[in-house]
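Chains as they are written, first to last, in the working numbering: chain A, 1 to 291; chain B, 1 to 398.
Some clues are possibly wrong.
Just so you have them, the derived chain B footprint on chain A, three or more residues with Cβ under 8 angstroms [unchecked claim]:
(1) 24-36
(2) 99-105
In the DSSO-like style, the derived pairs of lysine-lysine whose C-alpha atoms are separated by at most 30 angstroms in a straight line are [unchecked claim]:
(3) B/K282 x B/K293
(4) A/K284 x A/K248
(5) B/K235 x A/K112
(6) B/K235 x A/K78
(7) B/K293 x B/K242
(8) A/K81 x B/K316
(9) B/K235 x B/K203
(10) A/K275 x A/K288
(11) A/K81 x B/K203
(12) B/K282 x B/K10
(13) B/K26 x A/K81
(14) B/K203 x A/K187
(15) A/K112 x B/K203
(16) A/K286 x A/K157
Don't read these hints as lab results, they were simulated from the structure. Note that CB positions come from ideal geometry on N, CA and C, so glycine has one too.
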Amino acid sequence: MENSLLAPGHRACAGCAMPTTIRLVLDAAGPNTIVVSPTGCLEVTTTPFPESSWCVPWIHSLFENASAVASGVEVMLKRRKQDTNVVIIGGDGSTFDIGMGCNSGMFERGHKILYVCYDNEAYMNTGVQRSGSTPFCAQTTTTPPGSKSKGNPRPKKDMPAIALAHKVPYVATASVAYPVDLRRKVKAALQVDGPSYIQVNAPCITGWTFDAGTMIELSRLAVETGLWPLAEWVNGELAGVKKIRRPKPVTDYLEIQGRYKHLFKKNDCGDQLAKIQAIADANKAKYKLVD
Amino acid sequence: MSQINTANMKVVEGSYAVAHAVMCCKPDVISAYPITPQTHIVEHLSQMVANGELDSEFLTVDSEFSALSVLVGASAMGARSYSSTTSQGLALMYEVLYNVSGMRMPVVMNVANRAMGAPLNIWNDQQDAVGARDVGWLQIYVEDVQEAVDATLQAYKIAEDPQIRMPIMVCMDGFVLTHVYEPVELLDKELASQYLPAFQPEKILDPNHPMTFGAFADPSTYTEFRYQQFDAQLKSMAKIEKAAKEFEEIFGRHYGGLVDSYFADDAEVVIVTMGSVIGTIKDAIDAMRKEGKKVGLVKVRSYRPFPVQALRQALKGASVIAVIEKDVSIGAEAGLVTDLKSAFYNSKIRTPVIGFAAGLGGRDITIKDIRKIVDKAEAARKGIESEFEFLDLRTEIL
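For reference, chain B alone in the conformation it holds in the complex (with noise of 0.2 angstroms):
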């Protein structure tokens, strides 16, 4: 992250910074539906609504399936359009998630990452995202409060954009960043204006000029349409990057476009991962440089689309690399690990990727386990012994 203006920063709640930062993109339709750790969210969003600081319609609705069903139509008639959840939550959406990327809806959403039951667990993982990885939605992931903020804004702008119109996922761990009081400069009303203008639709329902949205497509046609998403999100890549370019012109802050390092380039243990765990990684690593280890990191921002060049390119000097993801892919892996061992198999990269399952169901992701992690993947360039494992498994209780 680059300059930040702490004269204008204040210490909020995630979930208010985050609320702001949506009232700053002025949607004309927010429905939602609650769900622990996403509450907050709207709770500040209907307070804002309620206090004339935000002109949007806020539905109050029976389910998340019904508050992103709520979206469609709306998005249909040419709303900027807003919901937030989580795990569950999400989980309920998932046959609307498909329509709303199908229909190519525009749709910007905070998924506050929280693990999925059975047993039930409100507490934060990232299953329930990375388990919708497939539906078309672009997913980004963010490290700290303040890229949420800044990463909901880009949101609008990359979705918007007349070549993508696809809906976004804003990723930010649960409880970690939604519940969590840190400094944050909330974003500045009429410069958030001025990076995201209104939202300009082609094709809205209107009775001067009928139009039929959601016909059916038989084989001969089908296919065209799912290409058509698929080439959206490869080109929404460069929109991304543009995206977060931008911002820094205006705003001065930066945390990459797809991907991001941290004392990757000279390193030869890199830990790829996503979300909040970032934060500890880096502490990590700063104490482990000091000791003279050289232990770097990538930060996967955009896990949809999947950004195969920009990791190949990001990665091509590391020795061993350790994906530490917190979600499993039942009987397979886990997402992040299996995507990155994909994006190199046509590729001159061989080095060893190992894989760990961590902090699921909220369990802590220590120093100390990074530490665990690094001395795991150093052994690991000597001949892999487990090419994916959980982390911390405590055995005495299995």
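Only chain A is shown next, with the shape it has when bound in the complex (with noise of 0.2 angstroms):
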């Protein structure tokens, strides 16, 4: 990691998810690469102009609208008959919600782009609010608890089904701390003649609240407890997932996390731990996670 193509100096919070996930891709993906940013956290502490930490090109034009900006690279790209990758780095407010008409344009279009998301839930660069990412009960600031309210009323959206949807052959879900896997996804997405989208579980130190030095333990406990699977699509089939070994209770998980504390308090929040714990339970089930 020390010639990464992500140089350091970048403005990221200690203890964020983003810069390591992005790293991890750039190192898998390689210098022949152009990348694709909407505007978010990456953008904006990767790129205080004059500088810029990106040692790959690499271009920002909108929030919403990446995955256009990406598709008229990549038809330039064939037209030259070069042999570039175009990756799109986002994070999941441009990629679940106000990018989604462009993303569902792209997919459709069938462009070689592969599209990595880094979910860490909700709309970080502007101040922890509510996305169609934010799982249940999370607190964000506009989906905050209260005498009326546990948190996000409603589940996370699921993206890669919405991929899946559009027939993009490759799809997965990944995690920054699973380093090994990450890699070998990007490649494996890299491969494909078509589009690919890649979810990567990305925790955000200012939005979920945990110590800084807890983040790859927080993002393999998301896995551990089912609540992140690990699994990768490929021509629409379930190729592969990452079986858990020794399952954790959601609660592990959730405790330390400062989004969830209203779960902990002596109120009658049993009802949503619950809830989460079915999430889990429904996910081990559905992806067969435990042997």
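Need the complex rebuilt from these two chains, each delivered in its own frame; the hints are there to steer you.
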């Protein structure tokens, strides 16, 4: 990682999973890569003019158009018969919500583009507001707990299923805590002659509130509890999952994050904890995560 | 307009003529979304690509917003890039419009001018483009199909100039020019290539020379980015004139550069306007001149950059000026009349200026209307009763 294509000196928070994720992605993709990023933490922490952390060509245009911009890049590469990777790296706000129209268009047109979403499950760049990716009961600044609220009332949007519905030939989930798995998936995605989508669990220290030294452990717990299944789909078929050797209760994952602390106060949030455990159990059953 | 070689003229639809001009510009990437009355332009281009007459990447996208966003990526790769839209489509592009100009991408786009909803209205006025006057794009308004053809070729020449590198809208009145069949001299492909050489971008997305495009600028540098765009627009005035002149040398046609005049030199009443209504106004002037009325016309061809000096020069002899425009700035007046008065304020020109919103939502502007406007302008010489009004307002249905 010493020769990373994302140079040090960027302004990401200590304990943020995003730069680690990007380094792993670039490490796997290599220097013959053009990166397109939407507006978000990644853009503002890595490109304060006249500085840049990017050692590969990189372009940012708007919050919701990275997939369309990348489409324009990709057609010109094809026109020039140039064999260069096109990788979009964006957060969940642009991926799940505001960029959905452009994402759908890019997937449906079949561009050879890898879309990597570093998923920190809320609008972190604007100060932790709820996104379509925010999980059930998580506290954000727009889903605060209160006498009539127990945090985000809705489950997380199933973005991999949306990609699969577009017949995206390679779809995977990954975690910053499993770097070998993430790099392998990036390499596999870049071999596909068409669009691919990888969604990476990427804890945000300011939004999730945890001890900076526990970022990797936290992302691993998301996997080990069954809340973040590691899976990959090839041509629409489930091609592999990461088995959980020692399943953990969801409370192990939830109780070390500030965004769930309201569930552990003396009020009646036991139902909520049971519902979150049920989400994890359903994942374990669906993906046969536990032997 | 100067000499047209009628032997080479063909009667074609305006949209076809423009699509043919685009083909002669050989864009690498075309990205567009269908919207009336722009659709025929991109349908013709699709057919040209399908027939192998045009070697362009044609992307059928999910929205106008995506259409222009695709061109951001393509242009960053060094592509000559083209799109076409109108009205609601232009509005949906709004955020990207600022991005394309801010990133100094020489995209050319035909805008088939149309009214903005609500109420929904598919017919011609110029509210769409005039409303986007501040987005950083150059805006050329054309008078007829031939000028739409010729201005489209000229637009790439201006946009891709290394000193300019700014996007351009070639604004042509929807239906009136896009759907009309009239005799046009289609561009000769070889002459077009002679006039417009291949695009030579200096900076592109290239893994051998990695660069960062679209970084954010904080308060210490943002102003300078804006200034450079502003400066490029001012510099583009000379390039617009030069592009028109060089075009004339090769093709023999000229429409003025920034502005054009018709019997304006000795005119007492001068009409100032943009777009296809100019044909009607010229006919009206011809008739009124025969009656001894000293009426003239100044056509604003370049609305952005706004040609302050050229307009002061062209209008210095007028006794009264009537601005006719197909847009309104709700709560103020309208784009052209406000900009024109602003151009005069610090000059010695103290000519009365009155403005008319006319032809909104596709309502015809007739020779009778032009005569009425001239009468009102003549009356205004003795004192302005109304600085700005909606022409022929149907008060009975208000």
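query = Honestly, which of those hints from before does the structure not fit?
reply = Hint check: 5, 6, 7 and 8 fail, others pass.
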